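> Quick mapping for you: the protein sequence lines, in order, are chains A and B. Just so you know, we're using the numbering used here here: the first sequence kicks off at 56 and counts up by one. Just so you know, we're using the numbering used here here: the second sequence kicks off at 56 and counts up by one.
Keep in mind the hints are simulated off the structure, nothing from the lab. Incorrect hints may appear among the rest.
When chains are identical, the list treats them as one kind, so a pair holds in a single copy or across two.
Unchecked claim - Okay, derived cross-link-like pairs now, BS3-like style, lysine-lysine, Cα gap no bigger than 27 Å in a straight line:
1) 212 to 67
2) 196 to 109
3) 78 to 196
4) 110 to 196
5) 78 to 67
6) 196 to 67
7) 67 to 109
These numbers come from a predicted model, not from an experiment.
Below are the chains, spelled out letter by letter.
2 protein chains.
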Amino acid sequence: MTGPFATRETVKQVEEGDVLAPKFDANGLLPAVTTDFDSGELLMHGFMNETALKKTIETGEAHYFSRSQQAIWHKGATSGLMQEIVEMRIDDDQDCVWLRVRIGGNGASCHVGYRSCFYRSLPTGALPETPVELTYEETEKIFDPVDIYGDAPNPTKL
Amino acid sequence: MTGPFATRETVKQVEEGDVLAPKFDANGLLPAVTTDFDSGELLMHGFMNETALKKTIETGEAHYFSRSQQAIWHKGATSGLMQEIVEMRIDDDQDCVWLRVRIGGNGASCHVGYRSCFYRSLPTGALPETPVELTYEETEKIFDPVDIYGDAPNPTKL
Numbered sequence: 056m057t058g059p060f061a062t063r064e065t066v067k068q069v070e071e072g073d074v075l076a077p078k079f080d081a082n083g084l085l086p087a088v089t090t091d092f093d094s095g096e097l098l099m100h101g102f103m104n105e106t107a108l109k110k111t112i113e114t115g116e117a118h119y120f121s122r123s124q125q126a127i128w129h130k131g132a133t134s135g136l137m138q139e140i141v142e143m144r145i146d147d148d149q150d151c152v153w154l155r156v157r158i159g160g161n162g163a164s165c166h167v168g169y170r171s172c173f174y175r176s177l178p179t180g181a182l183p184e185t186p187v188e189l190t191y192e193e194t195e196k197i198f199d200p201v202d203i204y205g206d207a208p209n210p211t212k213l
Numbered sequence: 056m057t058g059p060f061a062t063r064e065t066v067k068q069v070e071e072g073d074v075l076a077p078k079f080d081a082n083g084l085l086p087a088v089t090t091d092f093d094s095g096e097l098l099m100h101g102f103m104n105e106t107a108l109k110k111t112i113e114t115g116e117a118h119y120f121s122r123s124q125q126a127i128w129h130k131g132a133t134s135g136l137m138q139e140i141v142e143m144r145i146d147d148d149q150d151c152v153w154l155r156v157r158i159g160g161n162g163a164s165c166h167v168g169y170r171s172c173f174y175r176s177l178p179t180g181a182l183p184e185t186p187v188e189l190t191y192e193e194t195e196k197i198f199d200p201v202d203i204y205g206d207a208p209n210p211t212k213l
């Protein structure tokens, strides 16, 4: 057995072992959760394929797999806001990674212009008859997307 | 239009609007990222279907969709360690939710017995020829899974 990923042999090896044996889903992807190392804030949620995971390990900078573009996505390559990995963790069954990062520049992670992609909250409680209303937890954008991305296609799909 | 979820009509509405218009994937799921409200630690990553999202909103306790059991999973129903939602957020394109929770009892979230599912880290740097070695960031289990789950099937799949 060679290469950076071990073959998954037993549940005990995967959960209680000390070698990396990642599991990619039917589309060859695993979710990646990215938080700000200092504040703990959730910045974004993305996916990695095997190449993105290898590049992230190798470079110490977050690489994802863009499902909308079907390509490796070196986060920050366009905006200059790379995500430097301070610590990287894997979960019990090794099908999800957690990146704890620091971001250069203005510290934004979200293509809409906010610091975090999770800039809106929703209330819990009895389900309303009309759509649940969202509250903005970030009130100001850190950058104007047009300045950074120009007229590049918006990654959000309906 | 009635019910708690709005129809997704435009990118602007989804990204910059103030109504909940979630997007479920081809399998009817969206990822849910769960962190400890006080420490910011990533506890787990799961998935929700429409019912799980509604039940989470309605009860203020995290409900997921178990892919291995193909069923709604009220987290903590077996172990007693429910996840009480302090704040719930949605991301820019509304295909992922962030749960900020407090957990009762011993505070564990992971079926292996650790506090977080992400109890192991991996190093960045040149890719080794042999599998990447993991480091335990939690050194002691909080509970013994056998005490809690008995001989229930392990959710980890190879």
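> Give a verdict on every hint.
Tested hints:
| no. | hint | result |
| --- | --- | --- |
| 1 | 212 to 67 | between (39 Å within a copy, 11 Å between copies) |
| 2 | 196 to 109 | neither (32 Å within a copy, 30 Å between copies) |
| 3 | 78 to 196 | between (36 Å within a copy, 23 Å between copies) |
| 4 | 110 to 196 | neither (30 Å within a copy, 32 Å between copies) |
| 5 | 78 to 67 | within (14 Å within a copy, 35 Å between copies) |
| 6 | 196 to 67 | between (46 Å within a copy, 15 Å between copies) |
| 7 | 67 to 109 | within (24 Å within a copy, 35 Å between copies) |
The structure does not agree with the numbered hints 2, 4 stated previously, though it agrees with the rest.
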